[in-house]
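Trainee: Based on these hints, arrange chain B on the given structure of chain A.
Chains as they are written, first to last, in my numbering: chain A, 1 to 114; chain B, 115 to 224.
Accuracy of the hints is not assured; some may be wrong.
Stated by the list, open to error - Using 25 Å as the maximum straight-line C-alpha spacing, the simulated DSS-like pairs for lysine-lysine come out as follows:
(1) B/K211 to A/K65
(2) A/K7 to B/K211
(3) B/K187 to B/K216
(4) B/K211 to B/K136
It should be emphasised that the hints constitute simulated quantities derived from the structure, not laboratory data.
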Amino acid sequence: SAVISQKPSRDICQRGTSLTIQCQVDSQVTMMFWYRQQPGQSLTLIATANQGSEATYESGFVIDKFPISRPNLTFSTLTVSNLSPEDSSIYLCSVALAGRDTQYFGPGTRLTVL
Amino acid sequence: AQRVTQPEKLLSVFKGAPVELKCNYSYSGSPELFWYVQYSRQRLQLLLRHISRESIKGFTADLNKGETSFHLKKPFAQEEDSAMYYCALSYMNRDDKIIFGKGTRLHILP
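If we strip away everything but chain A, and leave its shape as in the complex, we get (with noise of 0.2 Å):
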């Protein structure tokens, strides 16, 4: 298994400002994964993120609103940009060990927009 931690767990940024969360891991992994949870809603991935290389963006999710940022192995950040109440949500951030499909979550960080 893999231990995750994110930083911060909550924060209230005011509209138009930006917020980065960090994700950390306790070992080496290859991928990792943000997600947004809303308010009522299900997990969307909103993109891969790849040591050495530019992260992976779903659908309807662009690198100028959330750029990634995969330095090592063992860490992420995702920057959530120009902040609207919109993107009030939870980020997740997730990794899958090599060779398994099954992944390991982090907390979770609230994010709260005014």
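Mentor: Only chain B this time, still in chain A's reference frame:
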């Protein structure tokens, strides 16, 4: 297109009664199906996966390819089973991506 459907948003069951959480999927290839669970104030975690054919916390789920279903069952509900349950589908050989259903909140009544 790949899709996971959980028709019930909320399911209330009396303690000791059987539980069945429904999940149907749409996928043209060979799917791998999972059930994830999120207990109150805990993170999302894997409950079971169809390929393992195991029973976890008394829960089982059988993949029915004919009906494209992967319903989660437990013969006797316990209060600690109250949680949010998500059915999920993995694209085989597609970079470990997973699609989640909208989830079903299971509420066990005393």
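Trainee: Determine which of the earlier numbered hints do not hold for this structure and return their numbers in increasing order.
Mentor: The structure conflicts with no hint, since it agrees with every one listed earlier.
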